[in-house]
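There are 2 protein chains.
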Amino acid sequence: MSAAPFDFAPLLPAGLPPAAARWTGRVKFDFTGGNNDADSLPLDGLMAAADAVLRREGRTLSTYGLDSGPQGYRALREFLVAKLKTDAGIACTPDDILVTSGSLQGLDLVNATLLARGDTVIIEQDCYQGSINRLTRLGVTAVGIPLDRDGMRVGALATALDDLKRKGIRPKYIYTIPTVQNPTGTILSVERRQEMLRLSATHGVPIFEDDCYSDLVWSGKRPPAIYAMSGHGGVIHIGSFSKSIAPALRVGFIVAPWDVMSRMLALKTDGGSGALEQMVLAEYCARNFSRHVPALRRGLRAKLETLMESLNEHFGAAAEFEDPKGGIFLWVKLPDGVDTEKLYQPALAAGVAINPGAQWSVDKAHGRSRLRLCFASPSHEEIHQGVAALAEVCRREFGVPAQTKG
Amino acid sequence: MSAAPFDFAPLLPAGLPPAAARWTGRVKFDFTGGNNDADSLPLDGLMAAADAVLRREGRTLSTYGLDSGPQGYRALREFLVAKLKTDAGIACTPDDILVTSGSLQGLDLVNATLLARGDTVIIEQDCYQGSINRLTRLGVTAVGIPLDRDGMRVGALATALDDLKRKGIRPKYIYTIPTVQNPTGTILSVERRQEMLRLSATHGVPIFEDDCYSDLVWSGKRPPAIYAMSGHGGVIHIGSFSKSIAPALRVGFIVAPWDVMSRMLALKTDGGSGALEQMVLAEYCARNFSRHVPALRRGLRAKLETLMESLNEHFGAAAEFEDPKGGIFLWVKLPDGVDTEKLYQPALAAGVAINPGAQWSVDKAHGRSRLRLCFASPSHEEIHQGVAALAEVCRREFGVPAQTKG
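One line per chain: the protein sequences are B and X, in this order.
406 is the number that the working numbering gives the last residue of the first sequence; the numbers go up by one with no jumps.
812 is the number that the working numbering gives the last residue of the second sequence; the numbers go up by one with no jumps.
Think of the hints as simulated: they come from the structure by calculation, not from any bench.
If you're wondering where the values come from, they're calculated on a predicted model, not measured in any experiment.
Glycine included, C-beta positions come from ideal geometry on N, C-alpha and C.
Treat the hints loosely; a few may be bogus.
[To be verified] Derived pair list, reagent style DSBU-like, types lysine-lysine, alpha-carbon separation capped at 35 Å:
(1) X/Lys731 - X/Lys489
(2) B/Lys364 - B/Lys165
(3) X/Lys434 - B/Lys83
(4) X/Lys489 - B/Lys28
(5) B/Lys325 - B/Lys83
[Said to hold, decoys possible] Label-pair ranges, simulated between beta-carbon atoms:
(6) X/Ala771 - B/Leu16: 33 to 41 Å
(7) X/Ala410 - B/Pro224: 50 to 58 Å
(8) X/Ala410 - B/Ile169: 17 to 25 Å
(9) X/Glu787 - B/Arg55: 22 to 30 Å
(10) X/Thr542 - B/Thr159: 38 to 46 Å
(11) B/Gly204 - X/Ala488: 55 to 63 Å
(12) X/Ala410 - B/Lys85: 23 to 31 Å
(13) B/Ala295 - X/Trp429: 34 to 42 Å
(14) X/Asp413 - B/Lys85: 53 to 61 Å
(15) B/Gly118 - X/Trp429: 32 to 40 Å
(16) X/Ala522 - B/Thr159: 33 to 41 Å
(17) X/Ala708 - B/Gly118: 53 to 61 Å
(18) X/Arg572 - B/Asp163: 50 to 58 Å
(19) B/Arg291 - X/Ala488: 38 to 46 Å
Work the whole structure out from these sequences, hints included.
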């Protein structure tokens, strides 16, 4: 049979995102994405875990959900119960936890359970691009709250909630990344967590706590999770193993009260999240997580030092940033004349990939001269060279940083 | 802080599915779901594959998408290119393949790319529950085409397409499971595949070919995929490793022309599908797939024999069925007086889980006295005992099968 090529275009519904471009390979100096430090991957431990768990109970892979049902591998949920208690102060049971295919599926399930087109939510003004884009796609209005060194400004949050109330709008949630905020690297103070909970209760607006970077606080000491501090149960908490172990293992989790968990579970029609990855993580983490993470943090902190030194060396005063409290990224302010969305393509042509700030903020003007630089994946040498190359492109395109070096 | 428990109910949008029930453990005689034969799981091979692939390239887990980009692990796509050529006659390249988190994500991506509320699609009258439920949730009308021993009746398909055309309706796709249809176990003949393609071209309606059971044809000989036979490119093909290797490994794939692939890829915002499972499958399958699958089929065929014998023994003429061409399920007709949705709960109370036919058909009256029995997961002994227990419950509730044994 032969015929003119079938044309799918007339069948596509309105509102689809633009077509994806073909992938052209990894960039030489990649400062984007949540990629992690390959040298810190606990490969021997993961291999030993894979062997042990498969040998012991590998045949359960023949069953959807193993022998654990739709909320995920029981041993992984049991590890999380212990970890969340120790690290985040959360008291929960395995029944309060839903293992997801990365915390991105957590975002999708929370959104699908609570949001309809035309709804309003509150988020941090500078915020994870994936969260912003999801809201845009869903036709949901995101009201951004500015941040300072202690995270979301709760005075501004109170004002926004009052303003919305006057307009008869009840936001569906307050979304926050309180512990190593993306992209600012700030940590919401305990006092602000208390105030946020008070506002949540007063206004009947739940808090959606995205804790996926919270293992990477340099000091090893984090405030209790908002979920743990809540007396009213109106908090949904999500987390991930992407930053603590490996992002290509797509394993995250949701902690939530059953009345909302049971609705999310009804929407999780994926036949379960990948079981082998859950099994290997559970087996590895139960014995090694608390030893692995501090070593990972030390490696990341060293790369951050390299990045900050490189920026100081090549950009000088033109690059402003706060030393983040943890994480894998630095939020950098360039002079007002620089538009980082216009820097993106020339930088890419020079082999340097960056995240333009306007894509990581609901206030495009605020984000315009900012950028996010992820430092976990490139080597120290690549960080040095990449920042030098970026400075050269930026100078050529925008005249900053000024030529000061000989 | 303490307060009345937060009430999420006022925040839930209209149209959510009912809350999920808490999982209460596996059923003693489970004839539901696509669970596979645990004894046929190639555990040693998977363990060896995990060890080899992690040792060789495990550190790539630190990067989203490994070194392969958003369409999935390159080595797995290369295996699929070879397998699809040999088994299904499909000529494609790794760029034509998108690895998904099970074929269920394939269903979701195809639906999200092509469907809007109010649309119409054509499907087989008796059909996979997960496909029917997705369409219901999306507010899409599913026009069911009856089947016979050679699969979808293409005369009825032609009539339906003409009827819709007269009403000014262009269906978004023709969904078919042509090679071991779920639940009927039929195989669409080559002549019907040709006629379906002709109708597709004439009416400008693409074919959505779900081939996830096609490895399990008893004879080992399957017709070429509709995708392979198409001269116009208007076919989207999906498949899975759930039935050939293990369902808890959530790995499926889509084969599609780039103009629609690029739209699906833009909607796949999950950070990639689980990489460890892709790596292990690629490593295992490249060496062992063609040897493993015939052994698996022999084991499944033996269980089917046990199931048919047990039905003949305990139900006699009350249970009518065709010997399926392959797969893991049997589609059984009970006497008209039996309502299998009403049989479900008493059977469950007796430790027997079944799929009521009305949930596997868009014609509820047609499905009413039918049920689907999956035979891959229970042991031969469990099949015997489970069918005996089911017959006893059915006799008590509906008076059939008549008491004939001694």
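For each hint, the structure was consulted:
Of the supplied pair hints, the one linking X/Lys731 and X/Lys489 holds, its CA atoms being roughly 21 Å apart against a limit of 35 Å. Only pairs whose Cα atoms come within 35 Å are accepted, and B/Lys364 paired with B/Lys165 is accepted, the gap being roughly 25 Å. Under the criterion of a C-alpha separation no larger than 35 Å, the hint pairing X/Lys434 with B/Lys83 is consistent with the structure, at around 33 Å. For the suggested pair X/Lys489 and B/Lys28, the alpha carbons sit about 33 Å apart, so the restraint of at most 35 Å is met.
Between B/Lys325 and B/Lys83 the CA atoms are separated by roughly 21 Å; this keeps the pair inside 35 Å, and the hint holds. A hinted range of 33 to 41 Å holds for the C-beta pair X/Ala771 and B/Leu16, which are about 37 Å apart. Roughly 22 Å separates the CB atoms of X/Ala410 and B/Pro224, a value that falls outside the hinted 50 to 58 Å. Under the hint 17 to 25 Å, the C-beta atoms of X/Ala410 and B/Ile169, about 23 Å apart, fit the expected range.
Taking 22 to 30 Å as the suggested C-beta distance range, the pair X/Glu787 and B/Arg55 conforms, at roughly 26 Å. Remark: the range hint 38 to 46 Å for X/Thr542 to B/Thr159 is upheld by a beta-carbon distance near 43 Å. Distance hint check for B/Gly204 and X/Ala488: the Cβ-Cβ separation is about 57 Å, which falls inside the suggested range of 55 to 63 Å. In this structure the supplied range 23 to 31 Å holds for X/Ala410 paired with B/Lys85, their Cβ-Cβ distance being about 25 Å.
The supplied range of 34 to 42 Å is met by B/Ala295 and X/Trp429, whose beta-carbon atoms lie about 37 Å from each other. With their beta carbons about 26 Å apart, X/Asp413 and B/Lys85 fall outside the hinted range of 53 to 61 Å. Roughly 34 Å separates the CB atoms of B/Gly118 and X/Trp429, a value that falls within the hinted 32 to 40 Å. Between X/Ala522 and B/Thr159 the C-beta distance comes to about 38 Å, which sits within the given range of 33 to 41 Å.
Range check, X/Ala708 to B/Gly118: about 56 Å between beta-carbon atoms, so the 53 to 61 Å window is met. X/Arg572 and B/Asp163 have their C-beta atoms about 54 Å apart, which keeps the hinted 50 to 58 Å range intact. Distance hint check: the CB atoms of B/Arg291 and X/Ala488 are about 42 Å apart, consistent with the given range 38 to 46 Å.
Checked against the numbered hints above, the structure breaks hints 7, 14 and satisfies the rest.
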